[in-house]
Structures are given as C-alpha cells and as structure tokens.
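One-letter residues, chain by chain:
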Amino acid sequence: MQGRRRWELLVEAAIEALIRLCGVSAILFVFGIFFFVFREGAGYLFNGFSPRGFFLSPEWYPTSQSHVRYGVLALIAGTASVTVLAMALAVPFGIGAAIFVSEFCGARWKEILKITIELLAAIPSVVWGFIGLTVMNPLIMQLFEVPIGLNVLNGGLILALMSVPIIVSIGEDALKAVPDSYREAALALGVTRWQLVYRVLLPAAKNGLLAAVLLGVGRAVGETMAVLMATGHAVTIPTSVMDSVRTLTATIAAELGEAPVNSEHYQVLFIIGILLFTITFIVNLTADLIVRGVRRR
Amino acid sequence: MSDGKIDFVDLRVRYGRREALKGVTFDVRRHEILGIIGPAQSGKTTLLRTINRTIDDVPGAVVSGAVRVDGEDVRLAPDLYGLRRKIGMVAPLPVGLPLSIFDNVAFAPRMAGIRNRHDLEGRVEQCLRQAALWEEVKDRLDSLGTKLSGGQQQRLTIARALSHDPEVLCLDEFSIAIDPVTTMRIEDVLRDLRSRMTIILVTNLVQQARRLADRTAFLLNGNLVEVDRTDVIFSEQPASRKTYEYVNGIFG
Amino acid sequence: MFQATPLTRRKGYSELVARTIFLAMTAMMVLPLILIVSYLFYKAWPILSPEFLLAVPRNGMRAGGIWSPLLGTIYLVVISLVIATPIGVLAAVFLNEYARENWMTRVVNLAVVNLAGVPSIVHALFGLGAFVLFAHLGKSILAASLTLAIMTLPVIIASTKEALASVPLAFREACWNVGATRWQTIRHVVLPNSISGILTGVILQVSRAAGETAPIMFTGVVFFKAIPEGKLFAYGLFDQCMALSMHLFTISTQVPDVPAALPYGTAVVLLSSVLAVNAMAIALRVYLRARKKW
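Residue numbers (this note's numbering), protein chains in the order written: chain A, 1 to 297; chain B, 298 to 549; chain C, 550 to 843.
Worth double-checking, as some hints may not be accurate.
If we take Cβ atoms under 10 Å as the criterion, some of the chain B residues that face chain C in the derived model are [stated by the list, open to error]:
no. : residue
1   : Thr-351
2   : Gly-362
3   : Ala-388
4   : Gly-393
5   : Asn-413
6   : Ser-460
7   : His-461
Treat the hints as calculated values from the structure; they're not laboratory data.
Even glycine gets a Cβ: it sits at the ideal position worked out from N, Cα and C.
So that you can see chain A by itself, here it is in the shape it has in the complex (with noise of 0.2 Å):
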C-alpha cells in the first residue's frame, strides 16, 4: 500500500472515531446531568435524610427562623393538580385533532392544520407564562368572580394547550402507522368513518396514542416558566382547581435565586431536580418501550 494511500485510511479512522464519540456523546449528557445535579443535592440526603419526611409532608418551610422543613408533597400535589388538568384537557382535544386531521381532513386543510400546530408548539414557555398572566387571569377572575385568577385552572389551561402539539402530532403518527388495508377493509363492510375511527384505528392505534398522552404527561411535569407565572405562590395542597399552587419546577425556578450555596435549602433544590429527572425519565422510557412494542408488531 503507499503510504499516501495508508494515511488517508489513518484519517478516515480517526475521524469514524469522532464520530462515533459524538454518537454516545448523548448517553454521556444524559449521564451527565444526572451526575452533576446528584453532585450539588447530595449532602442533603446523606445527612439524615428522612424520605418519610421529605415525601409525605406538605410543610415546606425552607426559609424559617426557626423550624425548617423540607416537606414536598403539597409541591407534588401542585405537579399533579395542575398536570392531570392539563391532561384532561388535551387529551381528548389532541387525540380529537389527531383524528380529525389524519382522517376526515382534505389534503391541504392537512397542511395548514399541521403547520399551525407545529407553530403552536414553538411558542416560547415564558410567553405562556405571560399569557396565563395577562389574559387568563383578568378571565378567570371575571368569568368565575374570584379573588385571584392565579390557579390551578389558569396553570392547566395553559398546560393543556402548551401539550396539545405533542399529542397532535405523534397521535397523528400513530394513527398514519396503522395499515391502509385496515381501513379499506373495514370501508368495504360498509362501516361509518366513525366506526372506523372507534372500532378500528383507535385499538390499533392504542400504543402509539398512549406514548402520545405520556410524552404529553413528561412535558407538562417538566414545564417550569409558564407554571411559575400562572399557578401563584401558595404552597398548599389544592382543594379545588381556583387553589393557588406551586409545582415542583417552580419552586426550583423561584428559589434557588435566594438559596446560598451549599446551604441546605440549595442542596434541597438539586434533589427536587434529581426527582423531576426521574420521573420525566421513566416517562420517557415508558413512552419509548410502548412504541418499540408497536414497532415489532
């Protein structure tokens, strides 16, 4: 071989290496992340770290003179008030709008139809969070004659509408992997496109549309600046949906400003990450091994 010819072959290795260190760059973030928030919130958890306490108390009093507690279930129950209103909300609107544009939809209706759902999907979460601040509030306070309109319903409408494209959009795809032969079979015994959709596309649809509503759910979890602005500052386990609350994003969001470094109350806000990370994390999982099954059938 020349030896022109054995270095180019010695640059085409190096630069596979390259590429294929960039490949696994995506596990080593992943990792990464983990790792360095871990790194930051540790202290707190080997220093008498009570999950008891941490995980079903409501009492979160970081700041207090005199007793501080670091209890977290009124921030889950926040997260999970205002997520399963979001969800009530988008998912049937989104799993409707799925249907409707990948079933009774004429081709450039499709496009449009698509394009604004894809625009929808691009509005910047601080811009929802002014929304929910400027438009929704003044609304609700109207519409329902409360006090505040900084709420659980204010949060949940926005959260619906912020998760609506994701649905849309892989519900979309679910529906578009299921055969053409499944419905010109069913067209064929004469069915409604409406019993078409309930009887057969939604079944063999139903693993796609379910990682749909669970990337849905992972993003609401995850939101941070639109709930920060539109569920108010009360730290309380709602009773209703016109209850302030606060998520666990938003209280990352609005107190590690304040919290010294290194302080307790810092190292507690890094464990709140490393519990949101986890959660987004099974979602996620959960979504991906749902469609791997689809995808094998």
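For chain A, the structure is supplied; the task is to place chains B and C on it using the hints.
Relative to chain A, chains B and C alone:
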C-alpha cells in the same frame, strides 16, 4: 490450486437462519463471460456480494468457505477498497448518483486519488464511450445523473464501474428495469469488453445467457446444479435433468 | 335509483356528526391561539417601533427599549448553535450510517429521547453544577450557551437523522461498489444531499434556544446589565448578559409599575421572532421538497 480468475471454494452464506448458499464450488476463468442463471432466491446476488465483500454490510450475514480472486482469499485482502476497485458491480436497478454526469464517472478515480482535471476528463470520456453513452451525454456532462432515463442510468452505472479499471465486471440482472433496445446495446458493450476483463453475468433471462455467455452456471436454492459450456447447458443433454427443465421453462 | 333507508340515512347522519365534533375540537385549540396572539399584538401596538428594538431599558426597565436583552439572546443563540451543530450532526451520522442494530444503538437512541425530555429547570441545575461551578466558568454567556447547546442537541440530531435517512440506500451501495469508503460516501454524497434537513434542524434549534428561560436564568443571564446602545460586540464571553425571554419574565413579574405596553411589546417581539424562525424552517422544508434531486 486452480488458476481461475475467481474461485469459489465450498462457499456457504446464511442470513440469520436462512441459508442462501449451501456450499458452492466452481471457478470463473479469465476473459470469459460466465453466465449465472437460476430462479429467484437462488443465491445469485449473494454470490456476487461475496466477491467484493459488500456482503459484510448486510446485517446478520455469515460467510464460510472461501472466495479467491487471483488465488488470494478476499477475506484476507489487505486493502478492501482496492479489492472493490478490482471488481466492477452493476446492480439490477439503475442508479445515477445525485451528482453531475461527469462527477458520476469521475467519482471512483477521485476517491482513489486522481486529481488532475485532464486525466479525469480523459477517463470520463473513455468510460462513457465504452458504455455506449458518450454520444448522448457529451454536451451535457454537467447535468444531474439522476435525471437520465433508466436505460441511460444503467449505462452510466456501467461507465462508473469501468472508471476504476476493474479486472472483473459483475452484472446482476442488469436488464430487468430497462428497455430492450438499451439491453441490446449493453450486450454489445459486454461483447467488446470481454477481451479486456472477465465478466460475470447474473441473469433471469436464460436467452441472454445463451446469447452472451461462454460458460453458464445454474444455481438452484443455494446449490450449484451444474456449470459447463453454454452450448452444453442449453443442449438436449445437460448433466442434470433440472437444468433442462429450468432452461426450457418447465419450472422457474 | 337508490332510496336511502333509515339505516343509511342514520349512518350518513352519524358521519356528519363525527366530522363536526372532531372539527370543533380542532378549532377549539386553534382559535383561542389566534385570538390570544391578536390580543397581544393589539396591546403591544403603541410601543412597537425600531426605537423599541434599539434602545436599552431605562428607569429600572420601566421605559426605553429591549436592545440589551435582544443582543444577549442573539449571543446565546449563535454560540449555542456553533457548539450544538457539529456534535448533533455527527451524532446523527453515527446513528444513521455507522451504528449496527445492537443494544448499544438502542441505548444511544434512548439517551437522545431522554435528553429531549429533561425538564428545562433540570438543565438549569445541570448547567449550574457542571459549567458554572465545576468547570469554573462562573455565571457567563459561555456557561449559559453550553447549557442551551446540550438542551437543544436532540433537535439537531432528530432533523439530521431524518435528512440522512431520506437519502436512498441505493446511492450508498453504488458508492461502496466502486470502492469508496464509508466516510467518503457520507462526505461526498450523503451529507451534501442532507443539507436541507440539517438546516431545518439548525433553524429549529435557534427557535428553541431563543425562547428558553430557565436554563439561562442561573447560568449567566441577569436581571439587568448596562451596556452601550447600538454596539454589536457589547458582551464578552465571560460576561453575564440580559436575554429577551428572561426580560419578559422580569418585567412582567418582578418589576412593579411597568407601563402595560412594555411587557406586551417584549412578548410580541419574542413571539414574532420565534414564529418567524419556525416559519422559515417550514418554508425551507416545502421549498426543498419541490426541488428534490431524485
């Protein structure tokens, strides 16, 4: 030790659990046109892929036995890409790369290190002439290769295959997607090329093998049924009854 | 002819009902959005002008314009783009061109999906722990850009993967058959024909990076920073900066007595920029679909 250009020695290939080639042994002689006939799924394409080792890129493919080119086992070749340049390969479906016609034919020489514009121009013209495409494209060498017709793209593929000076030219059912007129032109091209290289012609058109091949091999279900002079294969008395039946359309 | 029996009439009726319901559901998502955006523009109208864009915030951000946050966002976007694009493109090249169907590839794909799903505040915590503290970059544009780059990596990977996958296998095989190496094939045939998709991914990355707030809040972006007006290179790599997204948050929640048009104006500028960038990506996709080379 045979002095064939290519020797297949007990070649076995399986994809996962499916056996594509079940122990094939024969040789391809220098400067002959060897036809390979047989029904679909007989292992003909797999056989070609073992020669230039593109079988390596097929997931799950396991190869045992040996393929030797000029006596050297291809699996031990020090320069895989040099080996591939020794073998020209024409696939069943015509492929024009999304480059200009000129760049299509200059691609292989460039990758091998030839940079001189003058050399490249000479090489491109020579290969396009040999592939019987020059007259049709000489005034539009800058246009996209993908915009040519099927028959032209197949000839472009042949020009590409010739551009790296192969010693063996393999054609895998080259005519299935092109018109009869272009097929005949390419058959003329093959007859001209024979004096310079060895040609392996896999075809599903037995009459094509009869027209072009010096010897013909009949592959059935991964087994070599027989290989002999073409006139013997197509005679009343080939070595195997199955050959007679396939060649005369009784099955396949 | 064919008389509609009660059954077929009922079937036709139920089909219409179904269609109307689904149409209504879709409209109920889309119309509020259009109304809201129009309302924002309406409230922001008094203040929108070139001066608004070019002036710095004054009087405790109750007056003036948004030049400093705008410039800061541009810095963050450009630097994170420069970091994320090569890594993202090469990672996608790995996944589509080199990776075999084994467990390792599955793990990498899983990691990319998970990276995309990490909450933005967790990215902020990561950036704080890794870049600001561990790497001693301090709160800086560099730290914030690195955080944004890792956050937006999946966007580039996904778009690039799609672009690479749309190049037919036949092209690659034709190149391998003439003795080209894998990288030569990628460099001369696959990548040049994927540029469109890669560009789409870059544009989407820009739009995401411009809109994010949480990751940059604790890694380098501040409430307020005085910079000279109209200077393009007013920030340094290790400086802190202002950003449009953060600015919107600040003046709508942290600063009292801000004249109404100011936050609306900021929101409109941010929203329009992001939507305009996305519209560019969509237009690019449509344009390139028409110009296919094969």
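Here is what the structure says about each hint:
| no. | hint | in the structure |
| --- | --- | --- |
| 1 | Thr-351 | holds, 6 Å |
| 2 | Gly-362 | violated, 22 Å |
| 3 | Ala-388 | holds, 7 Å |
| 4 | Gly-393 | holds, 8 Å |
| 5 | Asn-413 | violated, 18 Å |
| 6 | Ser-460 | holds, 7 Å |
| 7 | His-461 | holds, 6 Å |
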